Each structure stands twice: as structure tokens, then as C-alpha cells.
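Given chain S, put chain C in place with the hints provided.
Chains S and C, in that order, give the protein sequences.
Using the numbering used here, read the first sequence as starting at 1 and increasing by one per residue.
Using the numbering used here, read the second sequence as starting at 1001 and increasing by one per residue.
These are calculated hints, taken from the structure and not from any lab test.
Here the structure is a predicted model, which means the values were calculated and not measured.
A partial selection of chain S residues facing chain C, derived with a Cβ cut-off under 10 Å:
1) P16
2) D257
3) G303
No residue lacks a Cβ here, since even glycine has one placed at the ideal position from N, Cα and C.
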Amino acid sequence: MLTKKHEKILSRVQKPGRYSGGEPGSIIKDKSKVDVSFAFCFPDTYEIGMSHLGMKILYSVLNEREDTRCERVFAPWTDMEAEMRKEKLPLYALESGDDVKDFDIIGFTLQYELSYTNLLNMLDLAGLPIKAEDRQGLAPLVVAGGPCVCNPEPICDFVDLFLPGEGEEVINDLVDLYKTHKAKSSSKAEFLQAAAGVQGIYVPSLYEVDYEESGKIAAVRAKSPAPKRVEKRIISDLDKAHVPENFVVPFVEAVHDRVTVEIFRGCIRGCRFCQAGFIYRPIREKSHDVINDQCKTLADNTGYDEVSLCSLSTSDYSQIQDLLPELLDWTVEEKVNISLPSLRADNFPKQLSERLLAVRRSGLTFAPEAGTQRLRDVINKNISREEILTAARRAFESGWTSVKLYFMIGLPTETEEDLEAIAQLAQDVVDEFYKNPNRPKGRGVSVSVSVAGFVPKPFTPFQWEAQDTAESFAYKQNFIKSKIKTRKINISFHNPHMSFLEGVLARGDRRLGALIEHAWRLGCRFDGWDDQFDKILWTQAFEECGLEPEFYASRLRGMDELLPWDHLDYGLSKKFLIREREKAYAAKTTPHCRQACAACGANAMNGGACHAIG
Amino acid sequence: MRLVRIRFSKTDTAKYMSHLDLNRLMQRLIKKSRLPVWYTEGFNPHAYVTFALPLPLGHEGLNESMDIRIEGPTGNEAIKERLTAVLPPGLAIKTVYDTQDAPKTIAFALYEINLLLEPGQDAETLAKEFNSLVKNTELKAKKMGKKGKRKIEKEIILNPLIESFEAKALDGKVQITATLAAGSKANLNPDLLLTSLQEASGAQIELAKIVRKDILKADFEPFE
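One chain only, chain S, in its complex shape (with noise of 0.2 Å):
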């Protein structure tokens, strides 16, 4: 595949094995034997896109139809998109290297919002017209998924249509869909017209929104045939749900470069700042034997010597127990490491970390997320004191020397004693290693401690909220700061600015549009890299448009008010997110859901049936 042209750009670009393509596990299918060729494009680098589950899944799910052949693309950094410009050599896909702009439908993932003008660079890149409405033709189809599709209002002026909720289904009646359409060179509005119909395809096009003078929506209506609302879609059964048998293994370091296998969906925990806690409801969970067959495949196929354990909660699978024991038996004699992210330091197990151990020491973190327990109480992160230092003494007893603790600032309600008691908690688990007398000697301890700034999510409990200023959480950075008295502490915080941009995109409406395109124009991208994000062109594209950031982040909504959102339809409730702010301002918990159901009404999407409840 590799042309003079790719050649040269790749001698002159650091790490070009992110574009080369050529991995082991990549599937490279005969063009002339397909009826539809799919580009999944990642708008982030390789490294972050290599390690994301969701595109490996659709990837093989596309790539086992015969008539379908999906290919890999990720955002150029910005030393090949100056040589890229240059040399004018457009976005290609890795295994064929075929040009993105040949394919018949572009599909983007959506994991972060500072990502968005990575989309809008790579359809330029491509050679093709950013906005929707430029490109006439049926192909190509530019759609999205992802966690972002659950307000995708900034970004529908660029994309055709959006995939609400999960992919694995929905995808595969989209390409069937675009197959008869093309087959009958059916023109982009029939086509769209006719998936509106589909349950999981939004189409923005078909909507038309008002706003009042205020800036606030008036109304949003559906034009014939595009449904009021539209219900994300859901596998059903996860025992049932396509599993890659094997991964494209990448030759560069990816940031999690190992076996990754769901064992759960949804989250019994409902904190109330937790977005993905929400819009993955209901629970479903898959069973331990599928899980160890699936590990084991994959390991085999794939020659990877670490398989990871993927959910939102990872020590609330409720055949865990069952689960281990099996994973254990082949993995120790074949020298693969186990790890498992997302443990909750309340039922952090204490056999679970020897037998671990006896594999590999990685790193802990804990997510207490606030300083004090009224805090914790009022984002419904049901963990106390004790059992965050619990679980950082059986550590420490089980041979650890550096915890991670993770922390946000700008919490609904947060005063200054929670603050200071960031502080304090992370001084405690210090102490807590000093307290056992068989710590090994000679080695200090270190706990880092990373603190995020609070970004009000759609579909969460303080959607409705006002977000702290980028002023007010580097006030709050230094207060804390200024709070910790040994370095055994290291601290390190979220640069405020893109929490605030990052706030104003999650909750905007279509008028962010023109922002992003204007952001763009003026060289933002990679919004989301500390050292790429660029808070004076953004201040700058946001007054030349002639929009106030702080009425989308820090405005506090009237529960009556109409969201941007409001026509996507997740299965929650909007008195269930009622309910559970009153409790949040009120410091009332609300049990996990495997101990109460809380009417979340998400159920009602899969027929009723929530693992949680049995």
C-alpha cells in the first residue's frame, strides 16, 4: 500500500508505525468482493484509539459480513498533518490505504468532547466538505456513536446521522440499510428519510429547534417521518453480543496494549456525577464462562501476556468469585497477567488481591472523588473513610508502596471544608502506611493524588447545574495545594480551561456549531492534549461568534427548561434525575441498585429485565 509519497511523509514524522499499517490481526478484504466499505475513523491518536474496546468490536462485527469490509483511521498528530498538507496527501485508511473520501460511509467515534475538532480536521483532511449539508452525495455517509451521540447537538451541523446507544446491532441494520439504497442509487434524503424510521439512527437534519430570546429552546420538532423522540438502542442478552475473536495487535505501543473483555454493562452504583453510570442502563451482565472463554481466545489469537477485565465496576460483577478461579487456571501457566480496572475500594477483596498479587503488582487507584462524607453522600459515591483506608492498609499489608487516589473539584454544594479534607483524606492514607509495622524498609510511600474539575453531564442528576468557572477551580487547585504538607504527596490537576470548554460543549446546543467550526479554522485541535489545547483561540472563536460560553456552562437550568437533549430518548426517567437531585442536595444516598431499585425506568428498554434486580 505504501506509495513514494507515503514513503517520504513517513521518514520525516515521529512513531510512523501509527501510520503504516500492516498489524498483525489487521483484516484486508478484496475490494471487488464487498458491496460496502466502512471507514472507522477514531479522532484521536493512534495509541488512544488502538486501545479502545468499542471500535475493535465494530471493527470485527463490520469485517465478518462478506459484503462489508471495514477499515481503520486515526487522527494524524500534528507533525503528519503538516507533512500530510504539504505533500497534499489526503486521510487514508490503514489496511488499504485507500483514500477516507473513497469510502461509502465515514464513522466516527465519539468518546470526548475535545475531540470534535479532530472529527472536522480529519473530514478536511479527507478532502471533504466539513459540514453535512456539502456533501450531496449518498457516500459518503458520515455517522457517529459513541458516549458524546447522547447530546450530539454541537456537532450536527458535520454529521449525517448519529447512532444512539450501543453499536453492535444498530450497525449492522445501518449498513443493510445503505445497501438497498445504494443498490437503487437512492439520493442522501431517501436515504436518510428512511433511516430516521430505524430505532437507534438519529437523524439531525429532520429536526428543526427554536429558541426564545432568552437563547433558551422553545421547541424542537420532528419533520414526517422522523420520530418525536429517538430511543437509543441496546444488546439485550450480553452472553449473545459479537465478540472479536481476535484484535488487530498494534506494532506501536498502545496506551492499554492487552486483551480487553466486557464483563458487564450499565452500573449498579448511580453516582450521581457519572455519566456513563446513566446512559449505559440497564444492567446486563455477561456470564463468567463466556467471559473465560473470550479471554482465552483472544490471548491465544492475539499472543498478548495481559488480559484486562472491562466495566464500569468491575468488583460489582456478581460472578466474580466464579470468575477468577477459572481465569487463573490457564493464565498463571501461560504467564498472563490479570488486571482489573475499576475496583471499588468498599468490596476490594482481600483474597482477590493476594491471589493477584502472586501474578503482577500494578498500580491501585480509588476514586473517592470528594474529601468529606457529606460531599460523597451528596454525589451518592457510597464509600466512607473507613473503607478508603481500609483498602489502602490492605494494600500496604499486601506489598504496595504507591496508591492513586482520584478527586473533583466544583462539586454541587462543595465548601471549603471539602476542600481541605482532599487534603487530609490523601495525608491519612499516607499515614495509614506508617501504621504497618511490616511496610517494607527503606521505602517511602507515595500516593498521587489527581484532581479533576466537575463537568456537568446530559442524562445525569446535575444536568441542570451550573458549572464552577475556569477561575473558581484554579482558585480551588491552590487552596488545596496549599493544604498538603509532605511531599509524599504528589498532586497534580486537570487544566481548568478544558473542563470549562469541555462543560460548555457536553451540554450545548446546534448553535455551538459555527463555534466549532470557527475553533477549528483558527487551529484548534487536540483539545483534549494538555499541551495542544489553546485556551486563547478558543476565548477568541467564542467572541467572534458572538456566543457566551457561560450561558451553556455556567447557568443553572430551571427543571422545566427544554434541553438540547430532551428528543434523545436513554430510558431514564426525568423524574427519576429529579429525585435523585433533590436527594443530592439534600445529602441523601440512594441504595445501589442490586439493594433497592431506584425507578430509573431503563428497564423498560430491555423488556423489562435489569440484572440488578434480578
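Just chain C now, kept in the frame of chain S:
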């Protein structure tokens, strides 16, 4: 336990793999092939794999050398077959044999370098100039070195590291055949030589295709 040497080529897209990438890939391929190799003992057991002479990113190699330790009776032909079955495009196993020469006997490497020139450059003139530069001029290059623990930039003279060098014009390109010092005692990366030649001559090179054809011992016999 048997020490087995695997000779392989690394060309096309595989040349964009760094040495670390290749090392990681080989760990996985060995695991995937289920060859009975010896694993290191420790917290992170991994297959014992060593490379005789790392190949810089972007260079192709036609006869690279990698050693593994095999436990049990698996024969060399079987090793070749099982590894070949899992190799990605650009990597190919040439021969598998019981280790002979120690890697410290490596002294030289044989290169073929093809230079595609920017428009307006004359291959004939440049080839002549390169030959003359190597023969008559002291070629210098800057290299990052270490002084104790500190990293410092130092200047080295390249000519003593060039055993043989011949540039000629071929189809509008400059083709260089060179034997350069290689190994742990003295080593000359051809990129460094090209940079130096480019600076001394003002040549404008569009693309340099560097191929390491073989690895040689001090007596210029192939490393086996």
C-alpha cells in the same frame, strides 16, 4: 535448553517498527506460536529474546539475527514453520540454526542505500562528490553521547568507521554500497553518514532507502 538463532528480514511496512516495537511483537508472536521457549523468572516472566544488532527505525534488514532459547525437542525446521505462520507482512524467516558466532564478534554491516533526489539534482555529480568526500575529506557528525551520567553532544569523525564506500548513479538515483562499523565496540548509523554527506555536499535528498544486507565479523565473513 538450546540456543537457537533466527535470521529474518524486516522490509516494507515492518520497517516502521522500532527496535522496542519489534521486541514486543516477537514476545507476542512466540506466545502465539506456542513454541516451547524458556521464560525469564521474576515478576513479569517473558520469553528470552535477544537481537544481535538492533535495526534503526525506518531501515530495512535482509538478514537480521534474533536468538531464542528452546526447551524440549522442537527442531529448527518446526520453529521456522511455526513462527512463519504468525508473522505479519514485512517480516520473513530465512534460516533457523543453532547459535554459532557470539554477538560480540560483530564488527561490520553491509548496506545498500538508494537515494531519491529532489528535482534539479544530478545523480552522476553527487555520486562522484560523495566518493571523493569519503576518500579525501574528514567527515564529521554530531552525536549525543554520555559523559558520566550527563548527556552531552559530541563530535565524531566518521571516516575511520567507513570500511568501504562506493556511490554510483543508477536510473537517476544515487546508489551507495557501504561496509560500516557495527556492533558494540564501534558503530556507524548510516543516517549519520548521510546527514554528514548531505551537509558537506549540499545534496537535496528526497528519500533515503537504507537496507542492511548482512551483518559481518571482523574478518568480513558473514556473522553466523
